[in-house]
Amino acid sequence: MTALSGTVELTRTILRRDRIRILVWIFAIVALAALTTTGIKGLFPTQTALDQTAAATQHNAAAIAFNGPAQGLNTVGGQVAFQFGALGMVLVALMSLLMVGRLTRGEEEAGRLELMRALPVGSLAPALSASLMVAAMDIAVGVLTAVALLAQGLPTSGSLVFGVSFILIGLVFGGVALVAAQVTENTRAVYGAAGAVLGAAFVLRAVGDIGDGTASWFSPIGWAQKARPFAGERWWPFLLLLTATGVLAALASALAARRDLGAGLVAARPGRPTASRSLGHPLGLAIRLQRGVLLGWSVGVLVTGIAYGWIGPTVDALIGQNKALAEILAGAGGANLTDSYFAASFRFMALLATGFAIQSALRLRSEEASTRAESVLATPVSRWGWGASHLTVAFAGSVILLGIAGLATGLTYGVAGGDLNSAPRLLGAALVYAPPMWLMVGLTIALVGLVPRWAGASWAILAACVVVGFLGAVLRLPGWLQNLSPFERVPQLPGASLTILPLVVISAVAAGFTLAGLSGLRRRDYGQV
Numbered sequence: 304m305t306a307l308s309g310t311v312e313l314t315r316t317i318l319r320r321d322r323i324r325i326l327v328w329i330f331a332i333v334a335l336a337a338l339t340t341t342g343i344k345g346l347f348p349t350q351t352a353l354d355q356t357a358a359a360t361q362h363n364a365a366a367i368a369f370n371g372p373a374q375g376l377n378t379v380g381g382q383v384a385f386q387f388g389a390l391g392m393v394l395v396a397l398m399s400l401l402m403v404g405r406l407t408r409g410e411e412e413a414g415r416l417e418l419m420r421a422l423p424v425g426s427l428a429p430a431l432s433a434s435l436m437v438a439a440m441d442i443a444v445g446v447l448t449a450v451a452l453l454a455q456g457l458p459t460s461g462s463l464v465f466g467v468s469f470i471l472i473g474l475v476f477g478g479v480a481l482v483a484a485q486v487t488e489n490t491r492a493v494y495g496a497a498g499a500v501l502g503a504a505f506v507l508r509a510v511g512d513i514g515d516g517t518a519s520w521f522s523p524i525g526w527a528q529k530a531r532p533f534a535g536e537r538w539w540p541f542l543l544l545l546t547a548t549g550v551l552a553a554l555a556s557a558l559a560a561r562r563d564l565g566a567g568l569v570a571a572r573p574g575r576p577t578a579s580r581s582l583g584h585p586l587g588l589a590i591r592l593q594r595g596v597l598l599g600w601s602v603g604v605l606v607t608g609i610a611y612g613w614i615g616p617t618v619d620a621l622i623g624q625n626k627a628l629a630e631i632l633a634g635a636g637g638a639n640l641t642d643s644y645f646a647a648s649f650r651f652m653a654l655l656a657t658g659f660a661i662q663s664a665l666r667l668r669s670e671e672a673s674t675r676a677e678s679v680l681a682t683p684v685s686r687w688g689w690g691a692s693h694l695t696v697a698f699a700g701s702v703i704l705l706g707i708a709g710l711a712t713g714l715t716y717g718v719a720g721g722d723l724n725s726a727p728r729l730l731g732a733a734l735v736y737a738p739p740m741w742l743m744v745g746l747t748i749a750l751v752g753l754v755p756r757w758a759g760a761s762w763a764i765l766a767a768c769v770v771v772g773f774l775g776a777v778l779r780l781p782g783w784l785q786n787l788s789p790f791e792r793v794p795q796l797p798g799a800s801l802t803i804l805p806l807v808v809i810s811a812v813a814a815g816f817t818l819a820g821l822s823g824l825r826r827r828d829y830g831q832v
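FYI, this note's numbering numbers position 482 of the sequence shown as 785, with every residue one higher than the one before it.
Derived from the structure by calculation, the hints contain no laboratory data.
Heads up, a few of these hints could be off.
To be verified - Simulated DEER-style distance windows between Cβ atoms: (1) G583 to F651: 34 to 44 angstroms; (2) N786 to R491: 49 to 59 angstroms; (3) A811 to P573: 46 to 56 angstroms; (4) N489 to Q455: 23 to 33 angstroms; (5) G595 to W783: 35 to 45 angstroms; (6) A421 to V702: 15 to 25 angstroms; (7) A760 to P573: 35 to 45 angstroms; (8) E677 to G595: 38 to 48 angstroms; (9) P573 to L784: 18 to 28 angstroms; (10) A454 to G595: 34 to 44 angstroms; (11) L818 to V327: 45 to 55 angstroms; (12) G514 to A763: 17 to 27 angstroms; (13) S685 to D722: 12 to 22 angstroms.
Quick reminder that beta carbons are idealized off the backbone N, C-alpha and C, glycines included.
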């Protein structure tokens, strides 16, 4: 037996077990790329519209920080790279680091890797099989993205460079996660460390792009964007990404040989000799378990709110001359373009923050599946109280994230040249999306309590709401279909008038789903699949 024995068999096992998860990741990213291209072609139907938008965006620091360098903006391909390039790279990086963490440290933490190693499986086979699977996912995303762009008539060279940039970014951050899996002792630490590297890469790229460009050279995302898809393509920056991938793979292999199975190179810090009083209550424990996740989502929403607020004073110059985009924004509600822009921005941030709400509600399922909930339920804590504690974090966290979005947008808008007194109005416009987020929490707990096998379907429901919210008007989806999304039924503040009835109805439906889910959780067998 060699160190690589069993690699093929383990790879087949991963593919069979996680095939749905793998397909969802690939399809979601490729579909977003294709839909973004369709949307941009609809928003900028003429060269004049492209030229006007390029001129307005060329020196907009907030847009450049959020999306990347302003290159090739007078072409459809350049707009696709600008609007979806940075976002797509972040999604591919997240896919890679989450899958690597799950397939390496996650398997080790759960004890399954120990069972595998009892078979004729080499010491490097688990990590190699995980790396091969994630690399195959990255390649599938890159190739299919390039095919999707080519199918819509975009230039061949730019489409290929765009697709390859996705592949190499995925490989780099897969390597980052692989190194983190050797250093830390649990999956959450792997996600946190790799996610911090991703966040630093995005910030360095943003700082470099709005500055003299120096900081961008310290970011893998910056390297990929310097390949200039659809703007005079250059292939040599990909050598930097390939080199980084090779170095990270070699480092991970060397570190893996120096640690024991189940341990990390950095030992976990010992806890305090006595627990805090809050941990004696299920709500205190739920807050402790989810505080890191809430903090991470808060930072993401804060950065997004700052970006949208900074762009606010320049909306008329950016959008005013594009009739197609102005008409779509007008559908979001508002007496003027700025109010319409903020209404659409808060809808986007609400959809983004709903990711936390669903993840928080699904924590119940993960605690149950990992058997950690057994220790809590062995005490005088009812299933109802255990479930309600995590849902309290989900419901309250939704409001906190919306409050951060509203305040960040409003205050930044005032600092950037808008009306600082509009901050309370924009805060209210953000908080109006709390009932739809609560409804998504209710749907999630209903699935967890009644049909736990399908709990992950809540992500598919959110994905459908995202498509409707972003591209419903561009794709000319029927009105009845768009109205199925609860995010489309709330008053589109700050421009529209506040109507209470839709909010009350959505909140009541959310409460009904929540009660049904908690009742099902209390009645069904524990550990049911």
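Do the hints match the structure? See the list:
no., hint, verdict
1, G583 to F651: 34 to 44 angstroms, "holds, 40 angstroms"
2, N786 to R491: 49 to 59 angstroms, "violated, 38 angstroms"
3, A811 to P573: 46 to 56 angstroms, "holds, 48 angstroms"
4, N489 to Q455: 23 to 33 angstroms, "violated, 43 angstroms"
5, G595 to W783: 35 to 45 angstroms, "holds, 41 angstroms"
6, A421 to V702: 15 to 25 angstroms, "violated, 48 angstroms"
7, A760 to P573: 35 to 45 angstroms, "holds, 40 angstroms"
8, E677 to G595: 38 to 48 angstroms, "violated, 23 angstroms"
9, P573 to L784: 18 to 28 angstroms, "violated, 55 angstroms"
10, A454 to G595: 34 to 44 angstroms, "holds, 41 angstroms"
11, L818 to V327: 45 to 55 angstroms, "violated, 29 angstroms"
12, G514 to A763: 17 to 27 angstroms, "violated, 40 angstroms"
13, S685 to D722: 12 to 22 angstroms, "violated, 50 angstroms"
The structure fails to meet hints 2, 4, 6, 8, 9, 11, 12, 13 from the earlier list, while all remaining hints are met.
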